[in-house]
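**Q** What follows is the residue order along each chain.
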Amino acid sequence: MLILHCPYCGVDADETELAPGGEAHLKRAGPDSSDEEFHDYLFARENPRGVHFERWRHAAGCGKWFHAARDTATLEVFGTYPAQTTEPPREIRARISVRRPGWTWREFS
Amino acid sequence: MPLLLVMSQLRHIAAERDTAQRREARISGLVWNGSDSPMKRYSAFAVVREALRWHSGWERAWKSPEPKRYYDVIIIGAGGHGLATAYYLGRNFGITNVAVLEKGWLGGGNTGRNTTIIRSNYLQDPSAAIYEKARALYEDLSQELNYNVMFSPRGVMMLAQTHHEMRGYQRTAHANALQGVKTEWISPQRVKELVPIINIDGPRYPVLGALWQERGGTARHDAVAWGYARACSGMGIDIIQKCEVTAIRTENGKVTGVDTTKGAIDCNKLGIVVAGHSGVLANMAGFRLPIESVALQALVSEPIKPCMDVVVMANTVHGYMSQSDKGEMVIGGGADGFNNYTQRGSFHHIEETVRALIETFPMLSRLKMLRQWGGIVDMTGDRSPILSKTPVENIFINCGWGTGGFKSIPGSGWGFAELMATGQSSLCAAFSLDRFKEGRFIDESVAAGVAH
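Protein sequence lines, in the order shown, are assigned to chains A and B.
According to our numbering, the residues represented by the first sequence are 575 to 683, in order.
According to our numbering, the residues represented by the second sequence are 29 to 480, in order.
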């Protein structure tokens with residue numbers, strides 16, 4: 575069972591306490607956006623086999639949204655971090671680099 | 029002495045029949061293995077013949093050749109959909125310079141991991157068309173392939189356990205009537221007659237009726253892959269296992285070939301038919317897909333005496349069940365909600381599925397569960413598949429079947445082969461990749477509301 579550390583209430587929460595919220599750090603397309611941008615925002619997903627960043631909600635706990643960095647091929651959790659950021663924090667990326675040298679995700683590495 | 033005489037007589041007849049069948053096979057071209065000796069046909073007679081000569085004459089069902097340097101068409105993925113595509117390319121369009129590449133073993137992905145349900149009671153017209161085409165092809169697939177796929181049209185019912193679901197299925201029944209798909213709405217009493225082990229009273233999940241498709245059912249999933257593989261091999265199509273594609277080569281926006289663990293192979297056209305790993309392959313080819321890969325799991329109980337001779341789907345509680353010919357209760361559950369490539373799902377989904385099913389089937393509470401496994405399903409935003417050209421010329425993709433791919437294997441192969449051979453297919457037209465940008469969704473997530 576997946577166990578994620580909630581960065582708000584500090585609980586190591588079981589998967590049954592959590593609600594998955596899909597890919598992290600999506601930039602919302604505004605009214606001026608092209609069809610292409612709307613399509614990418616709504617449907618195109620990284621869906622990587624490896625390092626991935628996701629949104630999760632501590633649904634049956636403190637109720638807050640947070641981010642998690644995981645490996646989708648091994649289910650290893652690299653770390654969790656608060657929702658108030660538009661990109662993966664440096665220390666999480668450094669932690670992933672130790673475990674997965676040469677990893678990339680979108681423009682991050 | 030008389031016994032020996034009879035045996036020698038039988039062998040003589042066997043030899044004659046054998047020659048006749050070879051001639052027939054040569055004429056029909058259906059089971060042609062590309063060499064001078066056509067693939068032997070399976071028949072009751074062949075069983076007797078082999079019994080008389082210590083089973084020394086059986087051949088490998090399909091060959092395992094080394095890859096050639098060039099193929100007209102390469103299909104990546106030797107699951108049901110990939111093999112069916114290759115088969116119909118040969119059968120319907122005479123294209124047999126084809127290789128089917130498989131990184132693992134044949135049919136070892138979702139083809140061997142599903143719950144084998146076949147039905148076509150979909151709401152939207154394009155879905156009904158392709159799933160009903162598939163179901164219709166399943167009807168005589170064993171004869172077509174000369175391989176017993178054990179298609180068992182035992183009937184599929186989808187239980188309505190809420191009023192919302194009831195209205196939904198009644199609507200589907202009307203839609204199916206217009207589409208020419210034979211389904212009907214049946215009462216709780218009829219459900220109880222068809223499935224005596226069911227508890228229709230509730231209180232939490234009362235059975236309010238069901239959508240019943242009499243000619244839906246199950247088939248032996250491995251046999252579907254094996255049967256197509258054997259028929260492909262018989263036409264001279266190369267099936268290459270343990271051959272992982274590591275890169276896709278393109279030139280001026282057009283595909284030129286693939287790099288594999290068995291070396292570089294050139295091709296004119298490339299079909300990507302890899303289900304859960306579609307995103308990985310699309311990434312190699314340089315485009316993104318509106319797909320997310322998640323784990324879906326199933327489990328079987330210990331084998332018991334026959335107790336349920338139809339397929340029951342209970343979508344409100346995310347469970348579906350049938351009894352295999354071995355007697356195991358085959359149970360499928362819901363998909364995980366997060367990206368996952370591990371072919372194993374979250375344990376609590378099993379608990380949820382079984383807990384809910386026990387209310388509808390109380391006798392399940394006494395059963396031990398034997399095995400549990402997972403597969404990686406490729407989910408699109410509208411829960412409908414993608415059979416389409418791609419941004420790279422001559423690369424075609426068949427993916428996004430999500431939780432409902434097995435039932436569609438023959439229809440998907442039929443349509444996708446047409447698309448690859450001629451550039452268009454009426455079965456596939458609605459399932460193109462650009463439908464998401466254009467907002468032409470084929471929304472089956474609302475219609476089914478569950479893994480299927």
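None of these hints come from the bench; they were simulated from the model.
As the structure is a prediction and not an experimental result, all values here were calculated from the model.
For every residue, glycine included, the Cβ atom is placed at its ideal position computed from N, Cα and C.
Keep in mind that a hint or two might mislead.
[What the hints assert, rightly or not] Listed next, with one range per pair, are the computed distances between beta-carbon atoms:
#, chain 1, residue 1, chain 2, residue 2, range
1, A, 635, B, 272, 23 to 31 Å
2, A, 678, B, 232, 45 to 53 Å
3, B, 287, A, 661, 27 to 35 Å
4, A, 579, B, 316, 47 to 55 Å
[To be verified] No more than 30 Å apart at the CA atoms, straight line, and that leaves these computed lysine-lysine pairs for DSS-like:
#, chain 1, residue 1, chain 2, residue 2
5, B, 96, B, 210
6, A, 601, B, 465
7, A, 601, B, 96
**Q** Confirm or reject each hint.
**A** Structure-based check of each hint:
The hinted window of 23 to 31 Å between residue 635 of chain A and residue 272 of chain B is violated, with their beta carbons roughly 41 Å apart. Residue 678 of chain A and residue 232 of chain B have their C-beta atoms about 48 Å apart, which keeps the hinted 45 to 53 Å range intact. Taking 27 to 35 Å as the suggested C-beta distance range, the pair residue 287 of chain B and residue 661 of chain A conforms, at roughly 33 Å. A hinted range of 47 to 55 Å for the beta carbons of residue 579 of chain A and residue 316 of chain B is inconsistent with their spacing of about 30 Å.
A C-alpha spacing of about 46 Å is found between residue 96 of chain B and residue 210 of chain B, which places the hinted pair above 30 Å, so the restraint is violated. Only pairs whose Cα atoms come within 30 Å are accepted, and residue 601 of chain A paired with residue 465 of chain B is accepted, the gap being roughly 17 Å. Distance hint between residue 601 of chain A and residue 96 of chain B is unfulfilled; the C-alpha atoms sit about 46 Å from each other, more than 30 Å.
In this structure, the earlier hints numbered 1, 4, 5, 7 are contradicted, and the remaining ones agree with it.
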